[in-house]
Amino acid sequence: MRHLIIGSGPAGVIAAETLRKADPVAEITLLCGEAGPPYSRMAIPYLLRGNIVEAGTHLRQDPAHYDRLRIQLVQVRAQAVDTATRTVTLGNGKSLPYDRLLIATGSRPSVETIPGFDLPGVHSCWTLEDARTILAKARPGTRIVQMGAGFVGCIIMEGLLTQGFDLTILVRSGYMVRRMMNATASGLLRSWCEAKGVKILTHTQPKGITSEGGVLQVALADGRMLPADIYLSAVGVDPNLGFLQGSGIELGHGILVDANLQSSVPGVYAAGDVAEATDCLNGKRQLNAIQPNAVDQGRIAALNMAGRPARFKGSFVFNVLTTLGLVSSSFGEWEGVPGGESAEVLDEARYRYINLQFDGDRLVGANTVGFTDHVGAFRGLIEGRLRLGVWKQRLLEDPTQIMQAYLAATHSVA
Amino acid sequence: MQKSLHIDPNKCTGCLQCEMACSWEKYQSFTTAKSRIKVFSFHHEGRFVPYTCTQCDEAWCMIACPVDAIQLDPVTGAKIVLEPTCVGCKVCTIACPFGTINYVAQTGKVQKCDLCDGAPACAKACPTAAITYVDSDWTGLEKMRQWAGKTDTNPATV
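One line per chain: the protein sequences are A and B, in this order. Here my numbering is used: the first residue of the first sequence is 12, the next is one more, and so on. Here my numbering is used: the first residue of the second sequence is -5, the next is one more, and so on.
Mixed in with the good hints, there may be bad ones.
[What the hints assert, rightly or not] Some chain A residues well away from chain B (every beta-carbon gap over 10 angstroms; in silico):
#1 F254
#2 A321
#3 T383
[Stated by the list, open to error] Simulated crosslink set (EDC-like; lysine to aspartate or glutamate; CA at most 20 angstroms straight-line):
#4 B:K103 <-> A:E65
#5 B:K20 <-> A:D384
#6 A:K403 <-> B:E39
#7 B:K20 <-> B:E77
#8 A:K32 <-> B:E52
#9 A:K32 <-> B:D51
#10 B:K106 <-> A:D384
[Said to hold, decoys possible] Taking beta-carbon pairs under 8 angstroms as the criterion, some of the chain B residues facing chain A (in silico):
#11 F36
#12 P60
#13 C83
#14 K84
#15 V85
#16 T87
#17 A89
#18 I95
The hints are simulated quantities; they were obtained by calculation from the structure and are not laboratory data. Predicted model only: the values in this text are computed from it and were never measured. Every residue gets a Cβ at the ideal spot worked out from N, C-alpha and C, and that includes glycine.
Chain A on its own, in the form it takes in the complex (with noise of 0.2 angstroms):
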């Protein structure tokens, strides 16, 4: 058996690995559309900051990894898949033969549609050369303007101050993380990120980008010009999947899966970030770019291309933020849901923050700021739509109970 993987992210490399441990003598090809051995992209803000070398973002730290599990890792980019004849095109302008493949190809920079944005100077901070890139031009008083303040704009922050860069950041709405944070836990990741010398400009954005002398200047919509050395475009990401134009594979905003994660063609699966799978708490199919997400699918796709059927039993999103030191995390429905209640606590000076959010007795959702213990009971709580009787009035009137309310409600599960 013949299994062919296009990508060698998380989602890939769980594949690759879970395909060998369930065939010990299947023909395993890894395509990875970048030099080097797999990494994490997970890990490049801390890279930046300087804390790791290269080598520390890989995401098998034992470079004899792949040989050893006879996992072939071929660099080439795929360019087209033809699910007729079972190939896949490569950028070197040859093909591979598959019995199973899987689309595992992540996520890519979203692109903004604003003059100037082909400059040099123009960046995106995703891969491991824009870090170098980016690094490379690393003086004191450097200047960035950021566009963006999403989940990679305020990752990255850290790691572009401790280099010294003066950073700016434009945001087109009124709030940062606004797809993972109420309007209460973005007010606070702002006001840390301003005492911190972050320039954060809201309802903002650039109208184009011009280059004068080797400087860039970022013209605003409201007529300013800001000066900068370096463009950080961090608008958002969308799924890699430009090369399955024409290949037959049913797609919405992703590759539309089963519960096999097979996509509409037999023999073709497909998971992580690329993946329309269905979502536990609303039933409906949708993206989630999410490392645990992806880990979970690359085992569960892999063993039904082994021949195990497995069922993917639906995920949900949840992600965990530091931005500039200050940790925060969201979960499921934050924003609340119709007919729901809501619980929260805040104390403003020493940023800290914890909201949740009910359907009945049920939690299905979470926003926190500065709280790092035991996190994950919320992903327990809201996956396992576990009941939460007298605990949701006493999480009503402290949030701050939730291990407790976990403890307890674990006691259903028996």
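With chain A fixed as given, assemble chain B onto it according to the hints.
Below, chain B without anything else, positioned relative to chain A:
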């Protein structure tokens, strides 16, 4: 046979010897805030529930780690954080649905129970045998369920 921590909250008096022993074992200081086993107080019920990682077979933390910093100890079955490799990204802390792997701001790393190389300090320190280290062939989930059933903090509502 591998062993696992067995927790019987009915026997816990809330003395926090386990937390003291854990922090001493790992940090050479009696700092219960740094303990990897936590005793939760239930004021309404007048009960105490010690809680830590069950070393579950699913190993959510280990498979979610993006930099290979959590490894399986083949002898004890513990999932162990390799501190020099951990970058402190905290993905494991939200992946673990039990909330038993936590970020420590002072070190910039995560921490979890590692069974102290097969001689858990908490079990040794517990004066009432609420925490014991016993033979076990349960799977992770069964372990959790069995354990969770023993918390019995709120039977009237479930």
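Structure-based check of all given hints:
1. F254: Since the minimum Cβ distance to chain B is about 24 angstroms, A:F254 lies beyond 10 angstroms and the statement holds.
2. A321: 13 angstroms, holds
3. T383: 4 angstroms, violated
4. B:K103 <-> A:E65: 18 angstroms, holds
5. B:K20 <-> A:D384: Holds: B:K20 and A:D384 sit about 18 angstroms apart, inside 20 angstroms.
6. A:K403 <-> B:E39: Answer holds: A:K403 to B:E39 is near 16 angstroms, not above 20 angstroms.
7. B:K20 <-> B:E77: 12 angstroms, holds
8. A:K32 <-> B:E52: With a Cα-Cα distance of about 15 angstroms, the restraint between A:K32 and B:E52 holds, given a limit of 20 angstroms.
9. A:K32 <-> B:D51: OK: A:K32 and B:D51 at ~15 angstroms, within 20 angstroms.
10. B:K106 <-> A:D384: Distance ~11 angstroms between B:K106 and A:D384 Cα, so the pair holds.
11. F36: 6 angstroms, holds
12. P60: 3 angstroms, holds
13. C83: This interface hint holds because 5 angstroms falls under the 8 angstroms limit.
14. K84: 5 angstroms, holds
15. V85: 5 angstroms, holds
16. T87: Because about 5 angstroms separates B:T87 from the closest Cβ in chain A, which is inside the 8 angstroms limit, the hint holds.
17. A89: 4 angstroms, holds
18. I95: 7 angstroms, holds
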